[in-house]
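A.B. asks: Chains A and B, in that order, are what the protein sequence lines are.
Under numbering that gives the first Met the number 0, the first residue of the first sequence carries the number 0, and numbering increases by one thereafter.
Under numbering that gives the first Met the number 0, the first residue of the second sequence carries the number 0, and numbering increases by one thereafter.
It is worth saying that the hints were derived from the structure and are not from the lab.
Note that the coordinates shown come from a computational prediction; the quantities given were computed from them, not determined experimentally.
One thing to keep in mind: the hints can contain errors.
What the hints assert, rightly or not - Each computed DSBU-like pair below joins lysine-lysine, with the alpha-carbon atoms no more than 35 Å apart:
id, chain 1, residue 1, chain 2, residue 2
1, A, K178, B, K225
2, A, K97, B, K158
3, A, K218, B, K449
4, A, K178, B, K449
5, A, K218, B, K437
6, A, K24, B, K158
7, B, K158, B, K76
8, A, K194, B, K57
9, A, K39, A, K24
10, A, K97, B, K76
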Amino acid sequence: MDGEDLHLTESYVSSSGLCLSPEQKTALQTSLPILRSQNKFTQVYFWGKIMGVKDDYFIAQGVIRDQLSGRKNFYSLDCASWNLMPQVTDDIRAKSLKVKGRFSGDPSYEFEQIDQVETNGIPSEETIVLREEDRLAAVIEGIIQDGAIAPRGAFTKNAKGVVVNNVNFQGLPPLDAVKLGSYLHLREAVNLPQKSLMEREKLEPAIDFLDPIEEDIPKGSWALQEERGHQVTLRSLYWPGLTAYHIPNTAKFGYCYFGLGEKNNDIPFML
Amino acid sequence: MPTEGEVQFVKAQSCLKSLQNDSGENLYDHISTLLAKILDERPGHVVDVFEDLSLNLKQLSKTCGETPQELGLMQAKLTEDLRTLFSGGTDDDAAQEISDEDMQTPLPNLMENAYFFEQAGIGLSKEEIFEVSLSLKQLIENNPLQKCRFWGKFLGIQKNYYVAEVEYRDGEEEEDEEEAAEEGAEKEEEEREEDGEEAEEDILPKNEWKPTPPVPKEDKGKGVNKYIYFVTNYPGQQWTKLPTCTPQQIQISRKIKKFFTGNLDAPIVSYPPFPGSEMNYLRAQIARISAGTQISPTGFYMFDEEEEAEEDDGSKDHYIENPEYEVISLKNLSDTTGANWTHHVQFILPQGRCAYVNPLQKGEDDFEEEEEEEEDAVEEEIEPETGPPLLTTIADDAEINGIAPWTIKMASERMPYFSLTFVRSNLWPGAYAFGTEKKFENIYIGFGHKYREGKEINYTPSVVPAAQVEYTLGPEIQEIDDPTVEEEAAAKAALAGEEGEEEGEEEQEEEDD
Numbered sequence: 000m001d002g003e004d005l006h007l008t009e010s011y012v013s014s015s016g017l018c019l020s021p022e023q024k025t026a027l028q029t030s031l032p033i034l035r036s037q038n039k040f041t042q043v044y045f046w047g048k049i050m051g052v053k054d055d056y057f058i059a060q061g062v063i064r065d066q067l068s069g070r071k072n073f074y075s076l077d078c079a080s081w082n083l084m085p086q087v088t089d090d091i092r093a094k095s096l097k098v099k100g101r102f103s104g105d106p107s108y109e110f111e112q113i114d115q116v117e118t119n120g121i122p123s124e125e126t127i128v129l130r131e132e133d134r135l136a137a138v139i140e141g142i143i144q145d146g147a148i149a150p151r152g153a154f155t156k157n158a159k160g161v162v163v164n165n166v167n168f169q170g171l172p173p174l175d176a177v178k179l180g181s182y183l184h185l186r187e188a189v190n191l192p193q194k195s196l197m198e199r200e201k202l203e204p205a206i207d208f209l210d211p212i213e214e215d216i217p218k219g220s221w222a223l224q225e226e227r228g229h230q231v232t233l234r235s236l237y238w239p240g241l242t243a244y245h246i247p248n249t250a251k252f253g254y255c256y257f258g259l260g261e262k263n264n265d266i267p268f269m270l
Numbered sequence: 000m001p002t003e004g005e006v007q008f009v010k011a012q013s014c015l016k017s018l019q020n021d022s023g024e025n026l027y028d029h030i031s032t033l034l035a036k037i038l039d040e041r042p043g044h045v046v047d048v049f050e051d052l053s054l055n056l057k058q059l060s061k062t063c064g065e066t067p068q069e070l071g072l073m074q075a076k077l078t079e080d081l082r083t084l085f086s087g088g089t090d091d092d093a094a095q096e097i098s099d100e101d102m103q104t105p106l107p108n109l110m111e112n113a114y115f116f117e118q119a120g121i122g123l124s125k126e127e128i129f130e131v132s133l134s135l136k137q138l139i140e141n142n143p144l145q146k147c148r149f150w151g152k153f154l155g156i157q158k159n160y161y162v163a164e165v166e167y168r169d170g171e172e173e174e175d176e177e178e179a180a181e182e183g184a185e186k187e188e189e190e191r192e193e194d195g196e197e198a199e200e201d202i203l204p205k206n207e208w209k210p211t212p213p214v215p216k217e218d219k220g221k222g223v224n225k226y227i228y229f230v231t232n233y234p235g236q237q238w239t240k241l242p243t244c245t246p247q248q249i250q251i252s253r254k255i256k257k258f259f260t261g262n263l264d265a266p267i268v269s270y271p272p273f274p275g276s277e278m279n280y281l282r283a284q285i286a287r288i289s290a291g292t293q294i295s296p297t298g299f300y301m302f303d304e305e306e307e308a309e310e311d312d313g314s315k316d317h318y319i320e321n322p323e324y325e326v327i328s329l330k331n332l333s334d335t336t337g338a339n340w341t342h343h344v345q346f347i348l349p350q351g352r353c354a355y356v357n358p359l360q361k362g363e364d365d366f367e368e369e370e371e372e373e374e375d376a377v378e379e380e381i382e383p384e385t386g387p388p389l390l391t392t393i394a395d396d397a398e399i400n401g402i403a404p405w406t407i408k409m410a411s412e413r414m415p416y417f418s419l420t421f422v423r424s425n426l427w428p429g430a431y432a433f434g435t436e437k438k439f440e441n442i443y444i445g446f447g448h449k450y451r452e453g454k455e456i457n458y459t460p461s462v463v464p465a466a467q468v469e470y471t472l473g474p475e476i477q478e479i480d481d482p483t484v485e486e487e488a489a490a491k492a493a494l495a496g497e498e499g500e501e502e503g504e505e506e507q508e509e510e511d512d
């Protein structure tokens, strides 16, 4: 959600049950613009909240020029002071997939997990150690990969190849806004290069350079609902707590994650 | 005389005008309209968006005759329903007649609760809560209710559920048509069974297996079925009453994990097969969540000391508000051990009930069956199941894989003077409670699933039981394996050896003679 008008946009996602207290909102509205000017971001977003057992992490995202590659994530425990998240290496990514359990709320906490590893055909046990800070960064990257979405046309690739906000985005028409195919993932396109040339012919290169969420596996992992006040809300069932919204015929859209930070791997049984 | 420049200009102009597409639009007109638009509107970053402006202009000229697209039908219907909620308040006659009775409505003060929940950072937006409030008012007007509470919201795939927990006024409750139908069906089944037994003539091997008798469900007003629940998909729509919950439904809902679709009639396809539709699954989850997460400050409720009637197994299930409640300070309420919060809903035993019932106990009507069963059945001694009694503090709740079952925090660290305590369940993500010195409330907003059901990281469906053996194995039907070649040879050798010995002995005897 945009850091500028947080107090307005927060009511769009609150139908999922989580909102911000007035104290948190004011703290964010004070600290986010400061974050933006300190780091010279073009835009700063309040990304969401990950609830740990003892404390919660508030996550903000700053964007420098390119909306896809210029993203930087910050976390805070009190909405006032922000810390840059560590870089996610492949090693951390692999470890974070194996470590399970709730976040504790303490960034220096170390997760230890015993993993069954086969080395040369002999099963043995290996202890994986992962710092909470690193796991947080990896989990957020995972959530963005799967869950960060925007309506089609909201972002364009300009002539220099930089992904920017589309100034001319008027909003999706109401009939399109209820179709899953009108929403795109905000990540480097994975499925798109594999499409045949015939399919690609119908796409507009300036807008359709991202994957539509319709093709997500498992099918049905997005719940699209219309709410009162013409709002369309999308909830991810893969990452429970991720809510995205769009108001048709306006340029208002956004997404936010308020959750435990755990992937719902049981989804095939639940649909 | 036209100058060279003017001649060139006219040439260029006519050239551009001649570049037409199929529908007769030419390039010259298009560019001139575009430039006029840019000069009029002065949009920012023109150079970057020039192509988009051009595209928009082309599209605009084609569609300018169309009416704006209509709102989806869905939206129109929702807002209509909502409007009916608001129409009651503007009636002049009704406004003058607000009597004392009306002011004592069982309607809860949801807006006050909404304020507190917002301080804690949970809950729905104030507008949504107001809509729910109006909707509850409608529910109260249509039903004679003693108590009414907004229990929470379930998020579903297509639609969501808003749940209200109510208690009818004494004697006003209607007999469910469903339950009467169920009883009728049971009697029919019994009659059919008796007919079937008489028709048997051949003595076939009798199947000794009997299904465990079903655990009877609890009566209304007791245990799991203490309150009645109503649900609706959107504020403004009709509230639907949920049926009472049976122990089988609770037992099986512990073994499955399904998302709610939002339609009460949706079937639940699962293993073990769930006895009922989404309506029953919803009711079972509501029962489990209530039992696990409805809490209040310690001492707020107490057992009624005057009441003598207790359940058979000694558990108390009736509580009243404590008139001598000592207000617990905020600091103590926020105590992280949880000693100052207690459960005020009974624990559900593994059986699926709150009060234990031995399923093998013979009922009063089963005299005929009793005689038969005494001959065949082996009496099993079952230990009665027990659980934590009512009004135990949450400090005694079991940990989940090493994580505390509850997170208790002060909502505001910076301004603790007017703050409140906020409790979050880690076992049922989505269950919250807040407490101040004067007030407390519980709410549930979530998908309706337990965290780590079955204590494993990922959900594992139950294993299908092994196929049952058709006949009991006994010597008359069991085949003996044919001996292998080695065994035959060994047996022959042994026999030959014996005969040899015997001959030897005989020879010896002969020799001796």
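A.B. asks: State for each hint whether it applies.
C.D. replies: Cross-check of the supplied hints:
1. A:K178 to B:K225: 42 Å, violated
2. A:K97 to B:K158: 34 Å, holds
3. A:K218 to B:K449: 23 Å, holds
4. A:K178 to B:K449: Cα-Cα ~31 Å, so holds.
5. A:K218 to B:K437: Violated. K218 (chain A) to K437 (chain B) sits at ~48 Å, over the 35 Å cutoff.
6. A:K24 to B:K158: 29 Å, holds
7. B:K158 to B:K76: Holds, at about 14 Å.
8. A:K194 to B:K57: 29 Å, holds
9. A:K39 to A:K24: 22 Å, holds
10. A:K97 to B:K76: 47 Å, violated
Figure legend: structure checked against the earlier numbered hints; hints not met, in rising order: 1, 5, 10.
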